[in-house]
Amino acid sequence: GAVVSQHPSRVICKSGTSVKIECRSLDFQATTMFWYRQFPKQSLMLMATSNEGSKATYEQGVEKDKFLINHASLTLSTLTVTSAHPEDSSFYICSAETGKATEAFFGQGTRLTVV
Amino acid sequence: GESVGLHLPTLSVQEGDNSIINCAYSNSASDYFIWYKQESGKGPQFIIDIRSNMDKRQGQRVTVLLNKTVKHLSLQIAATQPGDSAVYFCAESRGANSKLTFGKGITLSVRP
Numbered sequence: 011g012a013v014v015s016q017h018p019s020r021v022i023c024k025s026g027t028s029v030k031i032e033c034r035s036l037d038f039q040a041t042t043m044f045w046y047r048q049f050p051k052q053s054l055m056l057m058a059t060s061n062e063g064s065k066a067t068y069e070q071g072v073e074k075d076k077f078l079i080n081h082a083s084l085t086l087s088t089l090t091v092t093s094a095h096p097e098d099s100s101f102y103i104c105s106a107e108t109g110k111a112t113e114a115f116f117g118q119g120t121r122l123t124v125v
Numbered sequence: 143g144e145s146v147g148l149h150l151p152t153l154s155v156q157e158g159d160n161s162i163i164n165c166a167y168s169n170s171a172s173d174y175f176i177w178y179k180q181e182s183g184k185g186p187q188f189i190i191d192i193r194s195n196m197d198k199r200q201g202q203r204v205t206v207l208l209n210k211t212v213k214h215l216s217l218q219i220a221a222t223q224p225g226d227s228a229v230y231f232c233a234e235s236r237g238a239n240s241k242l243t244f245g246k247g248i249t250l251s252v253r254p
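For the record, the sequence lines run as chains A and B. Going from the first sequence to the numbering used here is simple: count from 1 and add 10. Going from the second sequence to the numbering used here is simple: count from 1 and add 142.
Just so you know, not all the hints are guaranteed correct.
To be verified - In silico PhoX-like pairs for lysine-lysine, Cα to Cα no more than 25 Å straight-line: (1) B/Lys198 <-> B/Lys246; (2) A/Lys51 <-> B/Lys246; (3) A/Lys76 <-> B/Lys241; (4) A/Lys51 <-> B/Lys184.
If you are wondering where the hints come from, they were derived from the structure by calculation, not from laboratory data.
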């Protein structure tokens with residue numbers, strides 16, 4: 011299957027700083043990328059849908075000014091957590107779709123810890 | 143509201159036995175269903191999918207059954223192995239390239 015690479019896999023940052031997470035499709039062009047958030051022992055919650063060259067569509071309750079998404083190319087989407095606080099600590103996961111199939115390919119996730 | 147949910151939070155099975163993981167969905171408009179496996183600290187891994195025009199699909203050691211009448215989805219794992227221990231999620235979507243809605247997840251624990 012297609013490969014989606016997410017970086018970094020783990021990051022610890024100080025409260026008030028910003029953190030950028032990258033999601034890359036390595037062997038295909040992703041027309042759409044999705045960003046999820048997952049708290050311990052819970053399911054994946056969709057945060058936003060990212061389409062190349064256009065503004066991301068955020069789910070209800072997700073602050074677009076706090077979680078900045080940039081989908082600058084067909085192989086890269088970034089999520090920036092701005093002014094991070096301890097409550098933003100979570101597991102962030104991206105997925106990418108080729109546009110030719112419904113199956114989504116997931117990255118390995120990023121564990122964010124804000125101290 | 144619309145939801146996709148699982149009946150049991152945990153499932154413990156003996157190695158070599160068959161496992162059955164169940165999932166209920168509430169949106170009759172859903173037409174695509176997927177089972178994912180998630181190991182600790184990793185992203186979801188695709189297991190098997192099924193479209194609404196089918197009621198059964200088989201893969202390697204796994205079978206997915208879809209009952210649209212009662213909006214029920216199940217994942218059967220044959221001869222469960224220790225490597226099958228993980229959290230399993232069902233997910234549904236409506237139409238191609240539409241967003242996925244995930245169920246709550248169930249932990250499968252395989253006893254040696």
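Status of the hints after comparison with the structure:
1. B/Lys198 <-> B/Lys246: Since the Cα atoms of B/Lys198 and B/Lys246 sit roughly 22 Å apart, the hinted pair holds (cutoff 25 Å).
2. A/Lys51 <-> B/Lys246: Distance of about 9 Å is within 25 Å: holds.
3. A/Lys76 <-> B/Lys241: Between A/Lys76 and B/Lys241 the Cα gap is close to 21 Å, so the pair holds against 25 Å.
4. A/Lys51 <-> B/Lys184: Holds, at about 13 Å.
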